[in-house]
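Q: Listed below, chain by chain, are the residues.
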Amino acid sequence: MVSRPLDIQCILPPHIQKQIAENGTDAQRSRVLQTIQLTDQLQAARQAMGGIPSGGTPAAAAAVKQRIVYSADNATNLPGRVLRQEGGPPTGDPAADEAYEGAGATYDLYWEIYQRNSVDGLGLRLDSTVHYDKNYENAFWNGQQMVYGDGDEDLPPDQRIFNRFTIAIDVIGHELTHGVTQYTGNLDYANQPGALNESFSDVFGSLVKQYKLGQAAQDADWIIGQGLFTPNVKGVGIRSMKAPGTAYDDPVLGKDPQPATMQGYVTTTDDNGGVHINSGIPNHAFYLTAIEIGGFAWIKTGKIWYVTLRDKIKSTSNFQDVANLTYATAGELFGVNSLEQQAVSKGWAGVGITMTQAEKPGCLPGLQKMLMGR
Amino acid sequence: MKIQLERSGGFTGIPLRSSIDTDLLDPEESKALEAMVASAGFFDLPASFLSPKTGVDRFNYKLTVADKARSHTIEFNEANAPESLSPLIKKMTLLGRSAPKG
Chain A
1 MVSRPLDIQC ILPPHIQKQI AENGTDAQRS RVLQTIQLTD QLQAARQAMG GIPSGGTPAA
61 AAAVKQRIVY SADNATNLPG RVLRQEGGPP TGDPAADEAY EGAGATYDLY WEIYQRNSVD
121 GLGLRLDSTV HYDKNYENAF WNGQQMVYGD GDEDLPPDQR IFNRFTIAID VIGHELTHGV
181 TQYTGNLDYA NQPGALNESF SDVFGSLVKQ YKLGQAAQDA DWIIGQGLFT PNVKGVGIRS
241 MKAPGTAYDD PVLGKDPQPA TMQGYVTTTD DNGGVHINSG IPNHAFYLTA IEIGGFAWIK
301 TGKIWYVTLR DKIKSTSNFQ DVANLTYATA GELFGVNSLE QQAVSKGWAG VGITMTQAEK
361 PGCLPGLQKM LMGR
Chain B
1 MKIQLERSGG FTGIPLRSSI DTDLLDPEES KALEAMVASA GFFDLPASFL SPKTGVDRFN
61 YKLTVADKAR SHTIEFNEAN APESLSPLIK KMTLLGRSAP KG
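Note that the protein sequences, when read in sequence, are chains A and B. Numbered by the numbering used here, the letters in the first sequence go through residues 1 to 374 in order. Numbered by the numbering used here, the letters in the second sequence go through residues 1 to 102 in order.
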């Protein structure tokens with residue numbers, strides 16, 4: 001037991017660490033070693049408590065969802081006319097009720113699993129507008145709310161391609177997660193940071209669906225937007241995290257353009273630098289990691305990705321950065337060289353990205369190694 | 001007059017392309033389209049309306065109009081599309097939706 005806990009916490013610069021390791025007396029080396037082990041225990045205890053929700057909201061405070069669903073009545077003025085408020089009964093309008101339920105399911109994943117109170121961590125009200133514009137084959141997050149179109153309901157049935165965009169719960173989770181990203185890592189919406197922004201939305205969109213269905217990683221379909229296509233389309237969904245590039249191959253729509261690995265990275269000026277295309281690569285890294293770890297993907301893999309997004313991602317982070325950061329997070333959450341950390345390394349290797357900080361363990365393990373003469 | 005619309009982005013990322021040669025249309029349709037281009041003041045619009053904060057999961061557009069004298073392309077995001085272009089975008093989108101997208 002150390003009499004004067006000296007919480008190193010990586011404050012000691014490397015040259016001082018080296019000095020103690022090389023020149024310290026046995027007693028000095030021993031004291032520092034004990035302090036490291038005590039710090040390790042404290043860190044492990046903190047992590048076991050689930051971490052502190054962002055925004056400073058005390059974990060003990062009641063977190064309550066607040067949802068409102070509006071209709072734009074096929075125009076483009078937002079938010080529109082109120083259809084349903086929190087606690088209100090189903091409206092019978094499928095788009096409105098799906099938007100309501102999906103926002104609730106997304107809120108539940110973030111609060112129950114990650115202790116995040118809504119999009120901003122402070123209980124932000126979840127506003128959704130349905131019936132946006134006419135024949136609108138899209139959904140988006142506008143910085144403040146979700147907006148959903150009705151798809152192709154104006155076309156003759158045999159020509160229809162898209163159903164309403166609330167029909168797939170992962171679309172709702174995807175859009176809300178754009179809000180979470182806005183309040184956390186705030187990845188730029190272009191090129192690699194943009195593809196990562198898209199990927200985090202697909203990842204947590206998929207986890208909302210898997211959590212709702214209680215599916216283990218190996219049982220989930222890992223398809224984004226299943227149900228959006230009508231039976232007229234040759235495809236299973238909009239994107240596949242399990243097999244990017246295979247979600248659809250249709251005479252009218254063309255073929256799913258997503259790459260699964262860095263070899264297939266698409267350089268383009270369309271789509272803000274292909275943010276919906278190259279997201280296939282980090283999506284696939286998440287899938288591979290989740291399958292390697294096994295069990296429910298939201299528990300460990302989702303936690304690694306969430307903590308990374310919340311605490312470490314910057315607006316300009318690229319794929320290599322996020323590979324390194326998720327690897328580091330896995331080490332902090334589950335231990336250096338843990339199976340979980342190794343799974344993250346494998347996941348990124350599977351898409352052609354190797355860690356560039358694998359040889360530099362965290363400050364404490366590094367010092368520990370040095371003092372124990374390893 | 002040749003008009004070409006390219007749409008990218010959006011939640012699905014599935015592109016849409018449509019092009020039309022007004023010389024190949026019947027006179028009424030041809031006039032209507034050319035009028036849309038004129039009332040938008042198309043050839044005087046700046047080349048880019050894109051901004052760093054353009055909408056997440058919203059559509060990006062590239063619209064090109066070429067007549068015998070000149071050709072002009074403008075790029076914009078759905079979030080900041082010039083209002084005056086709305087009828088032309090709607091018309092070209094309708095055309096593109098019923099055509100192969102590949």
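Everything labelled a hint here was simulated from the structure, so no lab data went into it. Bear in mind that the values here come from a model prediction, so they are computed numbers and not experimental data. Ideal Cβ placement from N, Cα and C applies to all residues, glycine included. Be aware that a few hints might be false.
Below 20 Å or equal to it, Euclidean Cα-Cα: the simulated PhoX-like pairs (lysine-lysine) are [to be verified]:
id : chain 1 : residue 1 : chain 2 : residue 2
1  : A       : Lys242    : A       : Lys255
2  : A       : Lys134    : B       : Lys91
3  : B       : Lys90     : B       : Lys68
4  : B       : Lys90     : A       : Lys134
5  : B       : Lys2      : B       : Lys68
Covered by chain B, according to a simulated footprint, are these stretches of chain A (three or more residues, beta-carbon under 8 Å) [what the hints assert, rightly or not]:
id : segment
6  : 98-109
7  : 171-182
Q: Are lysine 2 of chain B and lysine 68 of chain B close enough, with their CA atoms no more than 20 Å apart?
A: holds, 9 Å
Q: Counting residues of the segment 171-182 of chain A whose CB is closer than 8 Å to a CB in chain B, do you get three or more?
A: holds (count 4)
Q: Tell me if the straight-line CA distance from lysine 242 of chain A to lysine 255 of chain A falls inside 20 Å.
A: holds, 16 Å
Q: Decide if the proposed pair is consistent with the structure: lysine 90 of chain B and lysine 68 of chain B, CA atoms, cutoff 20 Å inclusive.
A: Violated: lysine 90 of chain B and lysine 68 of chain B sit about 24 Å apart, past 20 Å.
Q: Is it true that the CA of lysine 90 of chain B sits at most 20 Å from the CA of lysine 134 of chain A?
A: holds, 10 Å
Q: Can the restraint linking lysine 134 of chain A and lysine 91 of chain B be considered satisfied, given a maximum Cα separation of 20 Å?
A: Given pair lysine 134 of chain A, lysine 91 of chain B holds - Cα atoms ~13 Å apart, limit 20 Å.
Q: Is the listed coverage of the segment 98-109 of chain A by chain B valid when you require three or more residues with a beta carbon under 8 Å from a beta carbon of that chain?
A: violated (count 0)
Checked against the numbered hints above, the structure breaks hints 3 and 6 and satisfies the rest.
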